[in-house]
Amino acid sequence: MAERRTPYEIYWEILVFCRTPRPFTAIINRCNLNSKIGQEYLEFLSGKGYLSVLQEGEKISYLSTAKAADYIEAFTRLYQSLFDTIPGFRL
Amino acid sequence: MTKESTEKSVQQTSRNFAAELRSFFVLCILNLVFGAMIMAFGIAFIVTGVLGIVNGESLGFAAVQVIAWGAIAFLGFRWILSSVTVMEGVTEIRDEFAALEEPVSGEALTGLIVRMMAHYREHRQPVRQMTIICTLGGIVFIGLGVINIFEGIMALNAPPVTGLFYLPAFLAPLLAVGIDLAVGVVSLLISSWFRKYSRAWDLRLAEASRSEDALRQTMERG
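Note that the protein sequences, when read in sequence, are chains Y and G. Take the first sequence: its position 32, counted from the start at 1, is 32 in the working numbering, and no numbers get skipped. Take the second sequence: its position 215, counted from the start at 1, is 215 in the working numbering, and no numbers get skipped.
If you are wondering where the hints come from, they were derived from the structure by calculation, not from laboratory data. In this text, all values refer to a predicted model and were calculated from it rather than measured experimentally. Don't take every hint at face value.
[As the list claims (entries may be wrong)] In silico EDC-like links for lysine to aspartate or glutamate, alpha-carbon gap of 16 Å or less:
| id | chain 1 | residue 1 | chain 2 | residue 2 |
| --- | --- | --- | --- | --- |
| 1 | Y | Lys48 | G | Glu220 |
| 2 | Y | Lys67 | G | Glu220 |
| 3 | G | Lys3 | Y | Glu73 |
| 4 | G | Lys8 | G | Glu102 |
[Stated by the list, open to error] From the structure, some residues in chain G lie toward chain Y, with a derived Cβ separation under 8 Å:
| id | residue |
| --- | --- |
| 5 | Phe17 |
| 6 | Val114 |
| 7 | Arg121 |
| 8 | Lys196 |
| 9 | Ala200 |
| 10 | Ser211 |
By construction, the Cβ of each residue, glycine as well, lies at the ideal position given by its N, Cα and C atoms.
All chains should be modelled from the sequences, with the hints used to inform the complete structure.
Structural data, given as structure tokens:
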């Protein structure tokens, strides 16, 4: 289902998942991404300052920064409003 | 927004989401059952047609009957396949939603909303096919019902059918009219429900696309 998500949805999933430090493989498994695409997303988010890269010896993990909270909140509000403002489907 | 009102809003969204998930699941099951019924009708009448050929009925008429019912059985088969495709994924999302602890957290709920959005994007085409198949099925069965009405009228003065049971000749077409019209009307109803479902989700996708600008701006500000 990965290809049917928008980049913004994937950013949100990564940022929420990385609220606690996560290694690269855990992120791509959880967010259903391949290594190449996963790397691109992580580089983008790190470049924008939404993720910080933690290095402990040879282990690298990613952690959402305080800046990510604004994005997570805006996204959550917008997506929940889709169910509140648009008349839903009922039998 | 205060923390309390945010929490209230999340729980309201969660109820809306649950109701919609339930409605869609029921629709899928209903659709599956009707697809199976239509396929079963088709196969049953193919067998009747073949038996007619064996019993010396006119080959041309029986062959036309077998082909027509074969097409209906195929429609039922396509109906089942499309239903299964559309149902795929929803069952999983439904189970995950049911497993969430109360009160549902905003983020867990948003995660499932994202998955439903992805599911609809992926299954938009089969849902549209479903609308067309159900409409076609409805028209076919209502048409058959109308044919059976004429058969019943023509059989009013025919001698009763004897065998194991003693039946007035018009009774069989009358029963068929009831079945055909009921299946036809429910098929058209299912089709309209699928259309309603598509409308709601198309609106959400359009709204989500518009919201992307706001998200992009949030990203840019970052």
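Hint-by-hint comparison with the structure:
1. At most 16 Å may separate the alpha-carbon atoms for a hinted pair to count; Y:Lys48 and G:Glu220 meet this at roughly 8 Å.
2. A C-alpha spacing of about 12 Å is found between Y:Lys67 and G:Glu220, which places the hinted pair at or below 16 Å, so the restraint holds.
3. Taking the CA atoms of G:Lys3 and Y:Glu73, the gap is about 13 Å. The hint holds against a cut of 16 Å.
4. Restraint check for G:Lys8 and G:Glu102: the C-alpha separation of about 13 Å stays at or below 16 Å, so the hint holds.
5. For G:Phe17, the suggested interface contact is upheld, since its CB lies about 6 Å from the closest CB of chain Y, less than 8 Å.
6. Interface restraint check: G:Val114 against chain Y, minimum CB-CB distance 5 Å, threshold 8 Å, status holds.
7. At its closest, the beta carbon of G:Arg121 sits 4 Å from a beta carbon of chain Y; the interface hint therefore holds under the 8 Å criterion.
8. At about 6 Å, the closest approach between the beta carbon of G:Lys196 and any beta carbon in chain Y falls short of 8 Å, and the interface hint on this residue holds.
9. For G:Ala200, the interface hint holds, since its Cβ comes within 8 Å of a Cβ in chain Y; the closest pair sits about 4 Å apart.
10. The interface hint given for G:Ser211 holds, since its Cβ lies 4 Å from the closest Cβ of chain Y, which is under the 8 Å cut-off.
Figure legend: structure checked against the earlier numbered hints; every hint is met.
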